[in-house]
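Each chain, letter by letter, is given below.
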Amino acid sequence: MQSETRHEQFERHSFFGNFLRKLHVDIPLFVTLVLISILSFVILYSAGGQDLDVLIRQATRVALAFGLMILLAHVEPYQFKRWSVILFSLGIVLLLAVLILGEIGKGAQRWLELGAFRFQPSEMIKITTPMMIAWYLAEYALPPKPKQLLIASALIALPTLLIAKQPDLGTALLVASSGAAVLFFSGLSWWFIVGIGSLLTALTPILWHFMHDYQRARVLTFLNPEADPLGRGYHIIQSKIAIGSGGVYGKGWLGSTQSELDFLPESSTDFIFAVFAEEFGLFGCVSLLVLYLLIISRCLFIASQANDTYSRLLAGSLAFTFFVYVFVNIGMVIGVLPVVGVPLPLVSYGGTSIVTLCAGFGILMSIHTHKKLKPY
Amino acid sequence: MPRIYTLKNNSVENQVFVNRIIAAFCIVVFLTIGLVVRLVYLQIVGHEHYATLAKENSVKIQPLVPTRGMIYDRNGKILAENTQSFSLELIPEQISDLDTTLTQLQQLLNIPNEKIDQFQKQRKRQKRFISTPLLLSMTDEEIAKFAVVRPYFTGVDIQSRLVRHYPYTDLAAHVVGYVSRINEAEMKTLPMSEYRGSSHVGKLGIESFYETQLHGKTGYAEIETNVQSRAINTFNTVPPAVGANLYLTIDIDLQKTAYDALEGYNGAVVALDVQTGGVLVFSSRPGFDPNPFVIGIDYDAYQALQSSENQPLYNRALRGLYPPGSTMKPFVALAGLEYNAISFEQTHYCPGYYQLPNVPHKYRDWKHGGHGAVSMSEAITESCDVYFYSLASVLGIDNMHQFLQQFGFGEKSGIDLVGEKMGLLPSREWKQQQKNQTWYPGETLITGIGQGYLQVTPVQLARATATLANGGKIVTPFLVDKIVTATETQSGSETHGKIIPLKSINVQHITDAMVNVVHDAHGTAKNIGKNITYHIAGKTGTAQVFNIKQEAKYNENTIDFKLRDHALFIAFAPAENPKIAIAVVVENGGHGGSVAAPIAGKVIEQYLESLNAK
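Chains as they are written, first to last, in our numbering: chain A, 4 to 379; chain B, 149 to 762.
Check before you lean on any hint, since a few could be wrong.
[To be verified] Coverage of chain B stretches by chain A, computed from C-beta distances (three or more under 8 Å per stretch; other residues unrestricted):
(1) 161 to 167
(2) 185 to 198
[What the hints assert, rightly or not] Partial chain A-side listing against chain B, Cβ under 8 Å, derived:
(3) H77
(4) Y81
(5) W86
(6) P146
(7) G247
(8) S248
(9) G249
(10) V251
(11) L285
(12) I299
(13) T312
(14) F323
(15) F326
(16) G334
(17) V339
Source of the hints: derived by calculation from the structure; they are not laboratory data. Quick reminder that beta carbons are idealized off the backbone N, C-alpha and C, glycines included.
Let the sequences and hints guide you as you build the complete structure.
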């Protein structure tokens, strides 16, 4: 057993710490999440045209997401393990349903209408895929043998391909990386990782063959945004102007001229980082990245402290996928990655991704706060 | 060396895992540093550059709208052009209080509310610095009125724009179609980058079908502007590529002849080049003037068009569904010969009615008292119904369906226009599926004379006639002959379909009979056969609009106009070496021979003359 850190001692002895501990909430993670949510409201107010309604709607979503997080933090980790297979299978069935309904409806479909509210199965699968892979690998001695690796890869490929077919390349990438992260943490040989990496690079032309026209256009635009300045390249050009013009100190809160004058598209959703960078400059950007780093570090720490293989693998994957999220969005906005529809986690306007992310953090908190109550 | 796979070594696994966590953390930090480096590059190194670009939004990407391609007829006469017109345009970015400005302009120039709404919709779609038209095609008076107050309106100006104009108005409206303002639904489907500066899009006809080619490719210019948004410098210009010019197969003079000949009636005329399928005439009367749709038709005028009893917006040639009546007889007769159901010379006695065995119902002939003993030639010439009741009964619906389908009945002709109707060629399966009923023998009889469920469009009828004239070579009607861009000339959509295997002697028999329709003393269209130097092969048709009671007699003069029979005529000429195939439908025209055939006669005459003149 690891000895308690000073922080955990404090957590155990202070009154507030005791209260949160009973809530199964991890204080450092919780505090950073609250901080970043406040930051999100501040920037949304500016990016959304100073519309209080936008803020209220988003606050409601965040509150709901935090509620779900605390709820999941109460569930004991072995329960997640027990439900892994069922939840994963359910997710696959729902993805198939979406695909079939989409076929009937002729066109891209990501939603499943369930009575009054809409449900996006691809969001659920973002969490259940690493759960499934972790469940499967935890049964065996690690690192995984080729046969297990093959089965695990198939389990990752299934939801990835189903989502890619929707077509939602961004989410498919995130799901694939969440599964790959589990394999990485399970101790997959470095040589193997390098080998697969080069193989995938070599396969890019084949992938290109299977891409939709608009997806190809996005990649081409990324490689040369100036080629289509009226259409697809427009986003990247305008976003770079917004960020670059922010400079070191930024133009100040509500000082963004690019989003104000409607130059920057999707300024409160996928491209919100550009507004942030314009208003708060390099200092703001670095601060935001540090905040993200704190969250990721805490999550990786929680993973390292986890007692059983399943919890470790799942926690590690959730932590790393969160980073992929951040990296893909910011990379796209600052023009180092192609434009795929991935929001800036916890900051972009919109409900679905926040709920999924907070569910992930809830699982992490559960893993961290239950192990002391129930020794391995 | 054998190793134990099943046991987990927890301490080793733990060590590996912790190592991986550390590795993951390093990757995260490394990639984050990468992001920071890029940010430093953008925000410190590139700051000055980007700040200049962002400053007062000094650099704007201005779309350069391509000029829309022209549309010509086969002889180079202009069917659609772009004319200079003056429009009142606003640049929203330069107007401090847009609502007040709009109200003032509305009062000054008496602008209807719909135009304000249209303007608002278009404005929301575009960048704030793009000049957006409020009034198109301003009159001299409007221009003068505004010129006086112009200094008081910053951001409002008179611009000259190219506006689509259709010189032949209602004559070609159903072929050429029109362009109109982009609506909200189209905004979602049109490619944004191509239409960023465009206000209009093809809605109907050729304008819609060939939208991509006619529109051209949008160019752009990066324009540097000062604080007052006046352009001070332009760089990086990519010129637009003008839209392609289209040359149609239509002969607009011939179209005019057909349209004028239809005067007083609603109806359609479609004429095809027999060899290629190129459409020479595509006329639907009444037409409408497409020009008001371009500048924004006002509500009342649109309502008037919509609710007009004659339905001018309805493309009868493309979408009108009519019972073909006796024009179907040559095809049924050919089926009879091809399937060896009857010989050309064999006669059938016509007492004026036909009865199925053991059924009291009398299927009447149009001629009271009957035609007597008739051969196939006479049956076609005089359009004897009883002969065809009998033939249909021998052939059966399955054979008729199979044979007529080959001529394109019951399917789209494939003409390059949107919204074509399929028509209806009934069959046993169709009736079972659609009505859940079995096929009755009586229905076979009336199908044999082109009545019953059978429905055809004029363009289908023309196509089938051309196919017959070709001896079975199927043609696909097409309207665009040439697509001409600055760099190349593409030929249009001429396609060659398959060939129906027909015995040439049978086709010759049918042709001869159809020549008799026009040139024989007993022919139902003999009035157009006089004083011409060539032979026309034709067939009249009279399609019942409603059923007459068993013993009642149809009297054209006592019957309500709207319930009068439709008059039809199909023909090709010259019979020996066909150049033109034509189908005429005259709604409520009465007899095919007296009303529809003369229209076809005029068109054929003029076309053959024009060919001789060349």
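Here is what the structure says about each hint:
1. 161 to 167: holds (count 4)
2. 185 to 198: With 10 residues close enough to chain A, the hint holds.
3. H77: Violated: closest Cβ of chain B sits about 25 Å from H77 (chain A), beyond 8 Å.
4. Y81: This interface hint is violated because 17 Å lies over the 8 Å limit.
5. W86: Result: violated, 23 Å to nearest chain B Cβ.
6. P146: Interface hint status for P146 (chain A): holds (7 Å vs cutoff 8 Å).
7. G247: G247 (chain A) check passes; min Cβ-Cβ to chain B is 3 Å, inside 8 Å.
8. S248: holds, 4 Å
9. G249: At 6 Å from the nearest chain B Cβ, G249 (chain A) passes the 8 Å test, so the hint holds.
10. V251: Holds, because the Cβ-Cβ distance from V251 (chain A) to chain B comes to roughly 6 Å (cut-off 8 Å).
11. L285: Because about 4 Å separates L285 (chain A) from the closest Cβ in chain B, which is inside the 8 Å limit, the hint holds.
12. I299: holds, 6 Å
13. T312: holds, 7 Å
14. F323: holds, 6 Å
15. F326: holds, 5 Å
16. G334: Holds - the Cβ of G334 (chain A) comes within 8 Å of chain B, reaching about 7 Å at its closest.
17. V339: holds, 6 Å
Violation of the numbered hints given earlier is confined to hints 3, 4, 5; the remaining hints are satisfied by the structure.
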